[in-house]
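Given only the sequences and the hints, what does the whole structure look like? Please build it.
Per the working numbering, the sequence shown starts with residue 683, numbered consecutively.
These are computed hints drawn from the structure, not numbers from a lab.
It should be emphasised that the depicted structure is a prediction, and the values quoted were computed from it without experimental measurement.
Certain hints may be false.
[What the hints assert, rightly or not] Label pairs and their calculated CB-CB ranges:
no.: 1; residue 1: G993; residue 2: G823; range: 52 to 58 Å
no.: 2; residue 1: P1110; residue 2: E846; range: 52 to 58 Å
no.: 3; residue 1: D950; residue 2: G717; range: 41 to 47 Å
Just so it is clear, CB atoms sit at the ideal spot from N, CA and C, and this is done for glycine as well.
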Amino acid sequence: MRALWRLAAIAVAGAALYFAGIVNSIILEHTDRGGVGVVVIAIGAAIVLIIFALTGTGRGDAATVTSRPWFVRGAWAFVCLMSLVGLSWLAGMPRQHSFDWTPYHNDAIALNECAARLVLQGQDPYTDLDLFGCYGRLAIGADRTTPLRRGLFANDVIYPTDEELDTAWELRSRGIGSNEEFVWRPSYPAVSFLLLLPVIALGWDPNYLYVTCLLVAMALVIARAPRSLRPFFLTGLLGAASLIAFTVGGSSDLLYALPLAIAWLYRDRRWAAVPLGLAIATKQIAWFFVPFWLIAVATERGWRAAAGDLGIALAVFAITNLPFFVHDAQAWTLGILTPLVEPMFPRGSGLIFLFTNGAFPLLPSIVYAVAEVAAGIVCLVVAWRSRRTSPELGAVLAIVPLYFAWRSLFSYFFLLPLFAFAAVARMPLGELAADRAKRLGALTIFAAPSRSA
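Below, the structure written as structure tokens:
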């Protein structure tokens, strides 16, 4: 029955991330509202809960028993309730635009679409993208940009207000002064917009592509899971409401999450290096997973196999980005290194949230960088030392350093349940006897426990 506890823990973590994301959005919209501590604690608790769920090998967990069936029933009743929340978000997607007039919720979506259009026109988005022309065509403004700490914002310590953003945008869009304040070129590797080419060419809303990627990833996780546990995996994936809610709300992160989930699910196959290469060629956050993936592969198949797989992944990255590197190496490099080389404002839902919203005075950025690096080293040491006893821990440890970063956006965390479910699906859990599950109080949205339990 420990298998059901693992799944329930991940789903509850996803529910915590869902509510944290809602509160986070409210605070960003209304900075005078309280709740910053709730967001930071909820995300931290979700990470800890997922670490707990991924500890151990999981061997034979489906056959274990529990002396507290009422607790199992209560946990899964909550997961079932949250799964209905997830389903409601999915069912409501066709009507999202009735209260959200644009699918371009951030510059990751907007700039990638404009970049894809430029590629279709035979241009290089790393050199030719016109931020103001792009946003004018999409009918969005400064609130969908990433501002930088220079130009009119050089003296700002905390993220500019909407009024400051609009003032700078109005000046620069009219050609008054040069644009120093807003990130204008694609800040991700090329696959982030190359995958959009057929969608943009057909005139479709890219958000439907992102939701499709999530559904495919969920289906692959369920397919890899033991047959008798698949209803619980499905209920848990839906119950981890952060997955569907913030994908439907608009997130291009699924473009890297799908290949990354595939690479983790099938890392025992050599071809898994190809989706890993696509993931790292899509978004930099996938880079954090690479050392943990290599440790897991080396543990299972040896370091020679891990080195070969890394070579394949890097080749995929190089091939997909080579045309843009050849055209203008400096522009491409500045683009993908934007998070490192540009003076960005502190922003996020991790520990930095406590410092940007007045709970504590903001520290120099180097402090957060040191904390992030230290956390990364600790996580790598833990992953290495537990590589045989807890081989799936890397699926969550990869993201832990970002919790301490200068920029720890909520988008870094809301997909953690997906990677965690993928990790559990690989475990040798065994099969769950249906009658035992019912006696012990387990339930899904597809089946209820027996009344005699």
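For which of the previously enumerated hints does the structure constitute a violation, in increasing order of number? Number 1 only.
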